[in-house]
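Asker: One-letter residues, chain by chain:
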Amino acid sequence: MSGVDDGVLLQRDGALAVLVLNDTARRNAFASPMRHGLLTRLKALTAADDPCRAVVLTGAGGCFCSGGDISEMTQRPPLELRQRDELLLDIFRLIAAGPRPVVAAVEGFAMGAGMSLAAACDYVVSADDARYGCAFVKLGVLPDTGLFWSLAQRIGAARARGLMLSGAEFDGRRAHELGLANRIVAAGGVLEAAMEVARRMAAMPPLALALTKAALAGGCATLERAYETEINLQPILRRSADHKEAVRAFLEKRKPVFSGS
Amino acid sequence: MRRAFLRPLAHALDRTGTTGSQVDELIEIERAGATAVVTMKFGQTRPALDHAGGEALVRALHELNRDTACRAIVIAGDGADFCPGGDFSRGAGEDADPIALRGRLRTATTLFRDMRRAPKPILAAVEGVVRGGGLALVCASDHVVAASDATFRCDALEAGLVPDGGLLWSLPERVGHAKAGELILLGRAMPAEDALWAGLADELAVPGAALERALAAARRFESLPAAAVALIKAAAWNGGTSIEDGCRLELDLNPLSRQAADHLEAVAAFMERRPPHFTGN
Amino acid sequence: MSHREPDFVPLTRLGAVCVLTMTYPERRNAFSARMRTTLLGRFDELMYSDAECGAIVLTGAAGTFCAGGDLSEMKERPIIDGRQVFDEPRELIRLMAIGPKPVVAAVEGHAFGAGMSLACAADYVVAASETKFCAAFVKVGLMPDTGILWTLPRRVGAGKARELMMLASEVDGVEAQRIGLVNELAQKGETLAAAIRVAQTLANGPRHVLASLRLALGEGSGTPDAALRSEIDSRAVLIRSCGALF
Chain A
1 MSGVDDGVLL
11 QRDGALAVLV
21 LNDTARRNAF
31 ASPMRHGLLT
41 RLKALTAADD
51 PCRAVVLTGA
61 GGCFCSGGDI
71 SEMTQRPPLE
81 LRQRDELLLD
91 IFRLIAAGPR
101 PVVAAVEGFA
111 MGAGMSLAAA
121 CDYVVSADDA
131 RYGCAFVKLG
141 VLPDTGLFWS
151 LAQRIGAARA
161 RGLMLSGAEF
171 DGRRAHELGL
181 ANRIVAAGGV
191 LEAAMEVARR
201 MAAMPPLALA
211 LTKAALAGGC
221 ATLERAYETE
231 INLQPILRRS
241 ADHKEAVRAF
251 LEKRKPVFSG
261 S
Chain B
262 MRRAFLRPLA
272 HALDRTGTTG
282 SQVDELIEIE
292 RAGATAVVTM
302 KFGQTRPALD
312 HAGGEALVRA
322 LHELNRDTAC
332 RAIVIAGDGA
342 DFCPGGDFSR
352 GAGEDADPIA
362 LRGRLRTATT
372 LFRDMRRAPK
382 PILAAVEGVV
392 RGGGLALVCA
402 SDHVVAASDA
412 TFRCDALEAG
422 LVPDGGLLWS
432 LPERVGHAKA
442 GELILLGRAM
452 PAEDALWAGL
462 ADELAVPGAA
472 LERALAAARR
482 FESLPAAAVA
492 LIKAAAWNGG
502 TSIEDGCRLE
512 LDLNPLSRQA
522 ADHLEAVAAF
532 MERRPPHFTG
542 N
Chain C
543 MSHREPDFVP
553 LTRLGAVCVL
563 TMTYPERRNA
573 FSARMRTTLL
583 GRFDELMYSD
593 AECGAIVLTG
603 AAGTFCAGGD
613 LSEMKERPII
623 DGRQVFDEPR
633 ELIRLMAIGP
643 KPVVAAVEGH
653 AFGAGMSLAC
663 AADYVVAASE
673 TKFCAAFVKV
683 GLMPDTGILW
693 TLPRRVGAGK
703 ARELMMLASE
713 VDGVEAQRIG
723 LVNELAQKGE
733 TLAAAIRVAQ
743 TLANGPRHVL
753 ASLRLALGEG
763 SGTPDAALRS
773 EIDSRAVLIR
783 SCGALF
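Keeping their order, the protein sequence lines are chains A, B and C.
Under this note's numbering, the residue at position 13 of the first sequence is numbered 13, and the numbers go up by one with no gaps.
Numbering-wise, this note's numbering comes out as the position in the second sequence, counting from 1, plus 261.
Numbering-wise, this note's numbering comes out as the position in the third sequence, counting from 1, plus 542.
Chain A extracted, bound-state conformation (with noise of 0.2 Å):
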């Protein structure tokens, strides 16, 4: 358990990290310290030497995050902007770039900026009555924290546009039928579920998934451009323990155990 009160809990089970935005008087609203404290949660986790397989990404409280501290808001010079901008971004890049796979947990609020942290995930699974909107235009603002990209990949970007355009709010079910929630439940089971997901990525040989990740991230725009990242990649995980186990797994008809190389 982190011993910093910076709103964001880390929770560990086996090969799990659960990480918990926590700030329920403020609907658990992105601030600063929880910005900073969620990046130094995810560069740790993401480290090669961490135990860590897969993680949970939920709020606390029955919400999972209200959006940007608008308290925090006031003039700041363009290059102050930059930056804070940049923080925000390296927590994107953390969680839809990054090695680990990342399950939302999401309940109650994910407005703005949590709507951002939900669709860089990997898999979000939501209550049928969870909250969304892109708030950002409503104050004048545009999506960050990696929106343009994360949810034009989950929804097509026509319809990214769209929600972005009119900062239209709309519920989990609605989110589910999107494509922006890969799964919904009932409000209390969503953390379950969503750890169940997680176990399975978790089961599945670590590298391969995170070349897999980062050769979505750069974006197979062409089928030139795909098969190029195949070629460059796959034969690293060829001369994989974990693909060699299976190889041999299949041939010797059990089941493959992986050792995570």
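A few of these clues could be false.
[Said to hold, decoys possible] Pair ranges (Cβ atoms, derived):
id	chain 1	residue 1	chain 2	residue 2	range
1	B	Arg-327	A	Glu-192	51 to 57 Å
2	C	Glu-630	A	Ala-48	32 to 38 Å
3	A	Glu-192	C	Thr-765	19 to 25 Å
4	A	Glu-192	C	Glu-630	32 to 38 Å
5	A	Glu-80	B	Thr-329	49 to 55 Å
6	B	His-538	C	Arg-771	40 to 46 Å
[What the hints assert, rightly or not] If you want the footprint, here are the derived chain A segments under chain C, 3+ residues with CB under 8 Å:
id	segment
7	199–209
8	233–239
9	242–255
What the hints contain is simulated information worked out from the structure, not anything from laboratory work.
Idealized CB from N, CA, C, for every residue including glycine.
With chain A's structure known, arrange chains B and C on it following the hints.
Answerer: The following block gives chains B and C in isolation, referenced to the frame of chain A:
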């Protein structure tokens, strides 16, 4: 199936145009509050979309994009159908010399780019049939309202052509590669219900009421900060498919949005627990 | 050309439709080295050297499509060889996805791993509701390959593709159609007939336009700018050489 198109009641549209050249034989521009309605006119002498119609749309858009009083644009057809057929190069002179022909083909690409780069949302109000270049207009729009009995078709292949107006990009962008193939390669018609599910239409309306609903959707944009809407649209157009492209966009445009007066007003209004008053700056 | 060994991909003609049947029943039509080479030869011939062929149908023998890579062939290779082994499947997927003639897949049984990649590379996919698709790669310690990093997201969206690839989940024909992986469902045993019907419609279309379209959709639409360039290039040629048929 054709049926009489019911025009909205006169009071719903303020017919004062801003300049004298708003009404011609190809398109009509009217105002409904801060929304401009651009209506494509088809008739006996002009049964389908063509190069001249494309050029008229480009001109109209050019003007409306620079009109700060205009906060949203709705495109509609004047008859029973949004667009009964044709495309943006029809009538451009198939016998023109190759360079001139390529020049004329730019109308379609210019129109697509201008629609996507416009600093305000563009909506399509679709009644009846959408064919040919009309489908490109729909896919280039930000919000599509379709009458529940509307149908969408890409007829480029049967005309012996590759579709224009950016459709090669914008149709798969909306409906995915599988459905885009059904429309483009097989020329299948997609009814409005399917279009809604597939992402080709964003909203359905009772037949005859697509324009009304589109105007209501357009009005919702009026209450949002204009600069933020424009920058979001810009970022969405520019965003490539890699994570780095998306990151760069956000980083570059974010500071500008936060300098807007409307942003500061939004924050102040929130802190003071009152409704914001945006000025469009 | 005579084959002393079994033909891994026999060809059947029905007018302008050419049906290729992956045939390696003892390994459930695995995407073995010989299967890859034979498929590549067939597609290359039909796409570029066969004037009769207007559309291609790909299916599998013995009630199954393709079980994926042949694990018994997977051995460690020297680095350069390990890269070059991708050349043949890459050329095959290019032909299927971007070549001048449309491809329809009739998928029954299993389309796992590279088998799923093959299905994804087609323009139109017919499946039975019992058909099972699975991007099984990560289960055997590999990443998704054979072009699926590009072909799957464009059919089902990047979010769903990511889910299917990272979890190696199995989806049946019904779910596959819902998400855009499959275009049409048919009864088990009748997917081939349905695929041939669609292929016949495609084969009746204007060949040169279809060729332009496939190239434009496959290679010329990676970005909006590329799509707009493709549009002008193709139309400039088509309007001048063939005239519009409006």
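Asker: Taking the earlier hints as the rules, which of them does this structure contradict?
Answerer: Violated hints (numbers, rising): 3, 4 and 5; every other hint is consistent with the structure.
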